[in-house]
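Once you have looked at the hints, place chain U on chain F.
Protein chains: 2
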Amino acid sequence: MTITPRTLSGFQELLPGDQIMFESMLERIRRSFELYGFTPLDTPVIEASEVLLAKAGGETEKQIYRVRINETEHVMRFDLTVPLAKYAALHSGQLTFPFRRYQIGKVYRGERAQRGRFREFYQCDIDIVGDGELGILNEAEIPSVIYDTFNSLGLRDFIIRINNRKVLNGLFEILDITAESASIMRTIDKIDKIGADKTLQLLITECGLQADAAEKIIGFISAAGSETEHSGLPRQLSAYLGHSETFDTGVFELGEVVKGLRAFGVPESHFRIDLTIARGLDYYTGTVYETFITAHPEIGSICSGGRYDDLAGYYTDRKLPGVGISIGLSRLFYVLSEHGYLNRDYQLSSCDVLILPMTEDFTGAAALAALFRRAGIRTAVFSEKKKFKQKMTYADKMGVPYAAILGEDELREGRVTLRDMLTGEQTTASASLIVAGLKEKLADKHDITPIKEP
Amino acid sequence: MTITPRTLSGFQELLPGDQIMFESMLERIRRSFELYGFTPLDTPVIEASEVLLAKAGGETEKQIYRVRINETEHVMRFDLTVPLAKYAALHSGQLTFPFRRYQIGKVYRGERAQRGRFREFYQCDIDIVGDGELGILNEAEIPSVIYDTFNSLGLRDFIIRINNRKVLNGLFEILDITAESASIMRTIDKIDKIGADKTLQLLITECGLQADAAEKIIGFISAAGSETEHSGLPRQLSAYLGHSETFDTGVFELGEVVKGLRAFGVPESHFRIDLTIARGLDYYTGTVYETFITAHPEIGSICSGGRYDDLAGYYTDRKLPGVGISIGLSRLFYVLSEHGYLNRDYQLSSCDVLILPMTEDFTGAAALAALFRRAGIRTAVFSEKKKFKQKMTYADKMGVPYAAILGEDELREGRVTLRDMLTGEQTTASASLIVAGLKEKLADKHDITPIKEP
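Taken in order, these protein sequences are the chains called F and U.
All residue numbers for the first sequence refer to the working numbering, where the first residue is 17 and numbers rise by one.
All residue numbers for the second sequence refer to the working numbering, where the first residue is 17 and numbers rise by one.
Be careful, since some hints might not be right.
Which copy? The list can't say, so a pair holds if one copy fits it or any two copies do.
[Stated by the list, open to error] Calculated pairs, DSSO-like style, for lysine-lysine (alpha carbon to alpha carbon, straight line, at most 27 angstroms): (1) 401 <-> 335; (2) 457 <-> 405; (3) 403 <-> 413.
Derived from the structure by calculation, the hints contain no laboratory data.
Just chain F, same shape as in the assembly:
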């Protein structure tokens, strides 16, 4: 009696080729974060309920995975931000602020399972957390990391849309509708999906705004990007300057972020001030970001974040302002795959070379494997007793680019036959010459990225 093996629905489990792609994306993201001097962080997947749920409520609470061991109940993390808040508060005495950390790990949300939505998924987060204060340049650096990161994956055709909550909050001050600001933020956040007319309606019917105020908001945000000053800022900003300190600060900060982005080398084609970006969360207080694949805006933002003034207020009286952003990698991988963005030229084998010994004695093959590996060539030995044809079939199925054939002739002459599995071309030479040739060929493949636009 066997049990039918299965993987729970909503849990991503990849086949080897896809997993290799996924791992290479993880690694490139890690490298990119490290290039910007972020320090790695790893926190438990399981946390004490009262700590993790200090801030949660509503939808979040319903999606929480609860964990029981013996009599005790804990919870599984649903993001990497609350664990960061806990970590920063708990260890604040031993950290150096500004604290720049990245964290890549799985998080858990019991969402209704549907295609491309996962209950266990990777988040790749960066945050810069200050102690009491944090300079504005950090708010330009965060999208710079994201620009470099997506580039390193091979994604070219994307745009980072940037706004500042202070601009919107300032506008609400000027229009004297601050009491409704949270609900207005949530409403205008939908403009991309539902359009300007529907948003205008909702501002009146759901947020209770006067038609005049609602029209001013729509006019302000939807003109965004149509005309841009040399400063990189939309023209309509200047119309409201001088009426609200919040608004003016927001405009100043947007200008500083644009200046910073240019200095960090992010091209104008890859970022845009977009006054419709509100981000629903109350949490954000300044610059906010969303990132879209230009050809597929319907996918929604693939990388979002922003500036917050108080990371860990639930755990400490110490004010820890910060700025951060998050890539939901499991979903991103899924949509990239669905839309044909995975690079077919990417090597889907974990081996660079497979050694096929043609003799009974495998010691020659083992010694050759050791030689290849010392040279940094990823090597496996096929040591099953099979016919030549079956050995070649295995090499084919493995998708390995090269096979090293080691027969009696080769062993006697101290040589190796290297077969290019794609072209079928074979070369016989001394092991050291083969190693040198292989290293050269493999170096050419280093620039192949896991993503390639279709």
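Okay, now just chain U, sitting in the frame of chain F:
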């Protein structure tokens, strides 16, 4: 009212310096596994109860973390072997056998929390799984990977002890005590801890052996390693040859493994046939491994595994024999740290260089950061408005090896001042010269390993 932040006991949460060490160990292990052509695998942390617990029972069941979402209960994985069995059975049609996979991930066991024992811990596993059959060379390759892996971490003083269950089972056949074999295995597995005399006692009192048989067993296993033939095998093996097919096969396999290890380049100093290694688990059927730090045998095995004949018998009728080994990295990291094995020369900062702008305008600093990063130098910018001394204090606290000072003079002259934070030495030169010099200095640090013997 704030909530006191805390991390659950039994859960490892490292400070940045230690985390950098830990990550570098993870990365070196990953590289080493990949050099041997293992393909990465990632499976969910949560699995269906009936699948994950198909094989479990007794102690394991008690330590299971149970997960609840809405009305459904699942379980968290307690190792990476059962998920591999599920994966291999579930996806067998899409895998190429022998299937060589590595998996590095967290597993969960509700053990009684005590120093150095974790409830959430990293396992780093490699397995080679065949379809119906699997050649003996694989049993030599597994310890070769481990030898290279520990070496790449900087650990030198360790030994891999190897035995073959067929040798012990064959001996039990010859002594006509096969009915007791499971309990004998468990008993002799303790000989390292309790000594030969106590083990002899237990064989008689607990396993119910005659004194004569018990003495023969102790004589056989404890003479191990005292005298070794040219073949690398202990002399006493030959005394029992020719009386049991199982025994003879075991001896032959041990010989092949020694031959393979030598061919793969593992020095004689780092492996030894040790007939006391039994491994308590019924699961293993051939070669078994344990790895010890020579100076600290009391730590116990830091890397164990072996050959099994039936990986996924609970899920499929297809016979999938394999061989694998596992490093429990969280505990290993803990004991290495406790025993002073962490390398004090290892760079504990995530940055190679910290840019300290001395002017109001940070655009020069941002541009310099972009230049450094394009050269692969891990760079952060300190953009807080602080006095010079506070900026230097930050660089010191960060443990960053170099600071790049960018004052008005430097900006005007298109130059950078690089300060070696350890020696205090400063050089002013053009940015491109500074980059070239830095790359050279940083390359020298590549050989510094996270582990260094005290």
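These are the hints, each one checked on the structure:
In this homomeric assembly, residue 401 and residue 335 come within 27 angstroms of each other (Cα to Cα) only across copies, at 18 angstroms, whereas the closest approach inside a single copy is 67 angstroms. In the homo-oligomer, the alpha carbons of residue 457 and residue 405 lie at most 27 angstroms apart inside one protomer (26 angstroms), although the nearest pairing across protomers, at 51 angstroms, exceeds that limit. Only within a single protomer do residue 403 and residue 413 lie at most 27 angstroms apart by alpha-carbon distance; the minimum there is 16 angstroms, versus 62 angstroms between protomers.
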